[in-house]
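Chains as they are written, first to last, in the working numbering: chain A, 1 to 324; chain B, 1 to 324; chain C, 1 to 361; chain D, 1 to 361.
Warning: the hint list may mix true and false statements.
Here are a few chain A residues that sit away from chain C, every Cβ distance over 10 Å (derived from the structure) [to be verified]:
1) P2
2) A73
3) Y283
4) A286
5) T302
Covered stretches of chain C, as calculated for chain A (at least 3 residues, CB under 8 Å) [what the hints assert, rightly or not]:
6) 175-184
7) 242-250
8) 325-334
9) 340-346
Just so you know, the hints here were simulated from the structure itself, not pulled from any lab data.
Glycine is no exception: its CB is placed at the ideal position from the N, C-alpha and C atoms.
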Amino acid sequence: MPEVTMGQALTQALRYSLEEDDRVLILGEDVGKLGGVFRITDGLQAEFGEERVFDTPLAEAAIAGVSLGLTMAGWRPVAEMQFDAFSYPALDQVISHMAKWRYRSAGTLSVPVVIRIPEGGGIGAAEHHSESPETYYAHTSGLKVVVPSTALDAFTLLVRSIQDPDPVIFMEPKSRYWSKESGDLSPDGLPIGAARVMREGTHATLIAWGAMVQRGLEAAEAAEEDSVSVEVVDLRTLVPPDLETLAASVRKTGRAIVVHEAPMILGYGAEVVARLMEDAFEYLEAPVLRVTGWDTPYPPATLEEHYLPNVDRILGALERVLTY
Amino acid sequence: MPEVTMGQALTQALRYSLEEDDRVLILGEDVGKLGGVFRITDGLQAEFGEERVFDTPLAEAAIAGVSLGLTMAGWRPVAEMQFDAFSYPALDQVISHMAKWRYRSAGTLSVPVVIRIPEGGGIGAAEHHSESPETYYAHTSGLKVVVPSTALDAFTLLVRSIQDPDPVIFMEPKSRYWSKESGDLSPDGLPIGAARVMREGTHATLIAWGAMVQRGLEAAEAAEEDSVSVEVVDLRTLVPPDLETLAASVRKTGRAIVVHEAPMILGYGAEVVARLMEDAFEYLEAPVLRVTGWDTPYPPATLEEHYLPNVDRILGALERVLTY
Amino acid sequence: MGQSSDGGVRILAPDGTIEDREAREALDLKDEDLRQIYRFMVVTRKVDLESTALQRQGELAVYPPLIGQEAAQIGSGYALGDDDFVFPSYREVGVAVARGIDLVDYMHFHRGTWHGGIPDPVGKRFGMISVPVGSQPLHAVGWAMGAKLDGKTACAIAYFGDGASSEGDVHEAMNFAGAFGAPVVFFCQNNGWAISVPIERQTAGEIYRRAEGYGFPGVRVDGNDVLAVYRATREAAERARTESTPTLIEAITYRMGPHSTADDRTRYQPEQQIEEWGLRDPIDRYRRFLDTEDVADASFYQEVEEEGKARAAEVRKGIAGAPPRPVEDLFKWVYTGDELPPHLARQRDEALSMLEEDEDA
Amino acid sequence: MGQSSDGGVRILAPDGTIEDREAREALDLKDEDLRQIYRFMVVTRKVDLESTALQRQGELAVYPPLIGQEAAQIGSGYALGDDDFVFPSYREVGVAVARGIDLVDYMHFHRGTWHGGIPDPVGKRFGMISVPVGSQPLHAVGWAMGAKLDGKTACAIAYFGDGASSEGDVHEAMNFAGAFGAPVVFFCQNNGWAISVPIERQTAGEIYRRAEGYGFPGVRVDGNDVLAVYRATREAAERARTESTPTLIEAITYRMGPHSTADDRTRYQPEQQIEEWGLRDPIDRYRRFLDTEDVADASFYQEVEEEGKARAAEVRKGIAGAPPRPVEDLFKWVYTGDELPPHLARQRDEALSMLEEDEDA
Ligand SMILES: Cc1ncc(C[n+]2csc(CCOP(=O)(O)OP(=O)(O)O)c2C)c(N)n1
Ligand SMILES: Cc1ncc(C[n+]2csc(CCOP(=O)(O)OP(=O)(O)O)c2C)c(N)n1
Ligand SMILES: [Mg+2]
Ligand SMILES: [Mg+2]
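Bound-form chain A, shown alone:
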């Protein structure tokens, strides 16, 4: 079976999409010759030409706004924001226009834009390069928010995001770019909007997405050594949420924790807890706890290990819900 890294799978997804649909365009800062700072667009300009894969001036609001205009001319732009925090200058275009165009035009405009955002910490980067801004997008009605956790699924999700007729914020957990997975890349995997159970378990459910899925799996393995059986759910899509899979797992286990890198206050974990409150209340044997980044700015690289959820903190939270 072939082995690919998540980065390679994403490149393949872009190549596949450029080949399948000649209306797909790739734009962003340094996506051309350089292939992006993470090389996700590596080789694509050479292969598909400067008209379909092009560098833009350094202006993120413009990258988003121009992408919108391109959809009006019938194109399907896939825009790259260089890092998480550099997507913020584009927030106004995304919130006021991208998320709302279809609605505001009473369904007469279609907005097939994908914004790719490498996100999250754990790679020792400089400040503003390690944030997890999913809340800003997930709270904005009209967007879809997708976060792959493994290489093969990254391929599926990115292909499907580009095919999607609605705007998709596609968050790439950058600390997992080099993670490998074996198997065939397939455009027909699970759809957007479906969560998946990564590991079955009976005592508690651990809910995560992106880079924290792997961390959760590690914690689940460690727990197993103490004969604790943890079910790990990878959300894959934050919006629209897969309410059913989420509730089903917790109805079964009766206990849950949710893990994410973003700060706690209104991190997506809050939404998970609120949904479980509503959909699984009578099954809950303990409060659903959150293991998250602290409610501080993202710290400098030398301290990030004390900021990001690690296996110990996850095990601590598991213990609390199991012994409640």
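Once you've looked at the hints, dock chains B, C and D with the ligands against the given chain A.
Chains B, C and D with the ligands only, in chain A's frame:
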């Protein structure tokens, strides 16, 4: 006892602050001669001069960024964003700089900026004029987020926000600008960070802030006719949250709902639910429910009554938690 | 063309006499076009006044009058080709008139029946009504880049105000247009005010000169001279289509009405300034030109007057008392497809059940 | 001053001979100043190279070299007064040298010991290191507006790159500065590249000409001629302080190193271009000038060489192996005051208890 509207109380708070501290400045679009589109800065330029109360060019990122620079020169800027959705172009300056300067400078910079944002719907306005963007700010570590619900408290909270050494996002529930309250304006009311119980009750707790506090009180009154006793808690401050007051009320009543205008997904209600899950789980006799705006863009004026939580929807949710 | 001291290039003097005869002769406008332009200006004026009246009567939620800016809007709108794409702000009823947009469709925006603008913006070549100031030029640039990629010979025109010129998005749009050679005309109506902020406080520069910094031409035109506006836009659109060169046009005009029907301009707008500009009314000026050119007679003016009234009445008839959309429309267009995602389906069901309760009560 | 075809005004020719003698005579620089400028350039070069080495050895997380830009940075930094305030981007080690900033303090940023820049930015008149491209000129404008309100005669100088000039924030900053008459110098180091994007793709315009659109002067200067940069900055700062007139300076220079130590520039930067610019090294050029002016002898050069090495060694000594900050610092400066709000206190307690567990384990 003198009676004031919330709008007047806010104007008074600005006047008081300009008088008390000659480093306080007011800036924004149309805050000068016009007195702001809601007249909150009415008369202040005439009274305090064009150096302390001034119009800016039409550029919100600049209003935020320039405010930051002013703090470095020892000023305490109070900036007005004209409407909720027009604060979005400033999000990058707020998230990447304003919220983080004190932290990033290891405590050597102080950032006494207040950004005033009229927010919320219910006044029949055009699109982009009725949003409730508190989540974007509350999720951003390093900011304080304050929302008054009544005239007198608006005075206290705004004066305290301007005195605060940290950046405060001050959300003004615009549909309540014309609401009246009798009593003396006092800078020494409850501090930032403290919630308040607006009405005591025993059967259920209704948690709200801003405009929804009044709606909640109306619902509580209607419920009383059915002999249901609802406690209404006004959060006043979304960040830092008053965890104690919140938990105490729900530990007492065992049932709760939270009401807000913003969409449900990651509206601040999600955080309230998550906190109650953690701090009041064993007291809960029913799931904590959310009554919110829908997960759609804010609708056109002619349909907003079907979008905003109204007394009927609140009563419906109360009934569900009471009969659970 | 003649060059007024600071009011931009002109063909007509303020009194309607021809200031630049050579330019006038060179215009590619037949008598019929000259009459059509007048017709559009009058229709615009009537519809605009009627819309203000409709707002006063509670039929529109809010309305931003364009009175005084008819020459800027009709002159530019009339200069466009069928395939060219308009990206308006929120004050472009005149452009809508010139482009044959259904005005009742348009007015639903101001009534608050729905958001965003007219249905089928792509088909009608008339983009979303854009309230976030300065946000739409980027859409124009994106569309223009896309049209160019397709080898189309069409241009986009982005309308925005003097206030909008301060926004970062407008700068980014112009720089992108220059860098990509996007076929765009940036049309700035400098009407002297951004709500209460006069142009002198908005910028210390001259807006049209911004173009120099992006490597393409900038022109200041007398925005109350419909022929000068027409000509400048025509040239700019041509340059865009054939040379992929953007142009920034700054049309100097004046906001004769309040910022919107919600505005109290007595707080800031000097009476005298309004009076002065009242003397430079763009319709009067153009009519004096038509009179001297002898392309229209009394019956034409009479007919236009009637037509203006009729169009205004149509708008009233179409919009007054128009019912709100059904509540389920709240959920329909958040995402593509008839089936709502589960979280939204729940909310739609709740909203509809509330309605039933209301009906039952 | 002389005017090169497109490389900006100069005093020195690329070979270090004096091209504009009048301008050279008019400089307010004593021999000591001339030597000090050289000293700063050499120190900067040495510290810069050492920092790259430190990164390669794992002592810094990432480092953006400024090699090739020493004249732009020292020339401008040296032209400032004590009260003037520097607002840097992330590549201004040279400016820090010229301003007497503690370089170990500075390098902690690149080591990732802490964020943001040096401690006490206000006291040191050296603002936050700003990674979000183009975001800092607004802070400069705000500070300058505030200083002017206080009647101070000081100016702010905002450093940014050619790439940054495309960001909306930079436009808004310049327009505000013009509108408010803020005493600011906008100093753009056009080093030809924004990571992999060359200036020709960044904009179709010339950056210094943007100033015209904001109503203040723009100057293009040869950024590898330290005297020309000094002179342009000196004049701009003076204009800012005494006339409240901003200036935009575009210094044409070249990024001789990679974008940062994480960059692979072989993918995009033409070898030949690097070689060409290598011949225009700003330090060599200035040294040739010093030689002909006879203001320095061999012992001076020797001494400067030693000093450069010593400063580089100091940086190494101060930064290599520097321990991380204590974990409780994670929570200290989110808000003012020793007492944390309850939600943060909980988290701090959890973080500290995890540490104890680690220690116990
Ligand atoms: C981003 C943004 N900020 C503020 C507003 C509020 N606002 C609406 S119109 C306006 C003034 C616009 O002036 P100008 O661009 O000159 O256009 P005009 O209204 O004169 O046609 C303002 C401040 C807005 N709609 N969008
Ligand atoms: C807002 C933002 N977008 C993107 C980046 C990523 N980035 C860092 S430096 C850089 C290029 C900057 O080029 P320029 O302004 O010319 O400065 P230089 O690096 O050449 O000194 C980019 C794209 C960023 N830091 N901030
Ligand atoms: Mg205007
Ligand atoms: Mg550069």
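Evaluated hints:
For P2 of chain A, the condition that its CB be more than 10 Å from all CB atoms of chain C holds, with the nearest at approximately 34 Å. The Cβ of A73 of chain A does not lie farther than 10 Å from every Cβ of chain C; its closest approach is about 3 Å, which violates its non-interface assignment. Non-interface call for Y283 of chain A relative to chain C: holds, since the shortest CB-CB distance, roughly 19 Å, exceeds 10 Å. For A286 of chain A, the condition that its CB be more than 10 Å from all CB atoms of chain C holds, with the nearest at approximately 25 Å.
With a least CB separation of 34 Å from chain C, T302 of chain A remains clear of the 10 Å interface cut-off, as annotated. Check result for the stretch 175-184 of chain C against chain A: holds, 3 residues qualifying (beta carbon to beta carbon below 8 Å, three or more required). Counting residues of the stretch 242-250 of chain C whose CB lies closer than 8 Å to any CB of chain A gives 0, which falls below the minimum of 3, so the coverage claim is violated. For the stretch 325-334 of chain C, the stated coverage by chain A holds: 4 residues have a C-beta nearer than 8 Å to a C-beta of that chain, and at least 3 were required.
Residues of the stretch 340-346 of chain C lying with their CB closer than 8 Å to a CB of chain A number 4, which satisfies the three-residue condition for coverage.
The earlier numbered hints that this structure contradicts are 2, 7.
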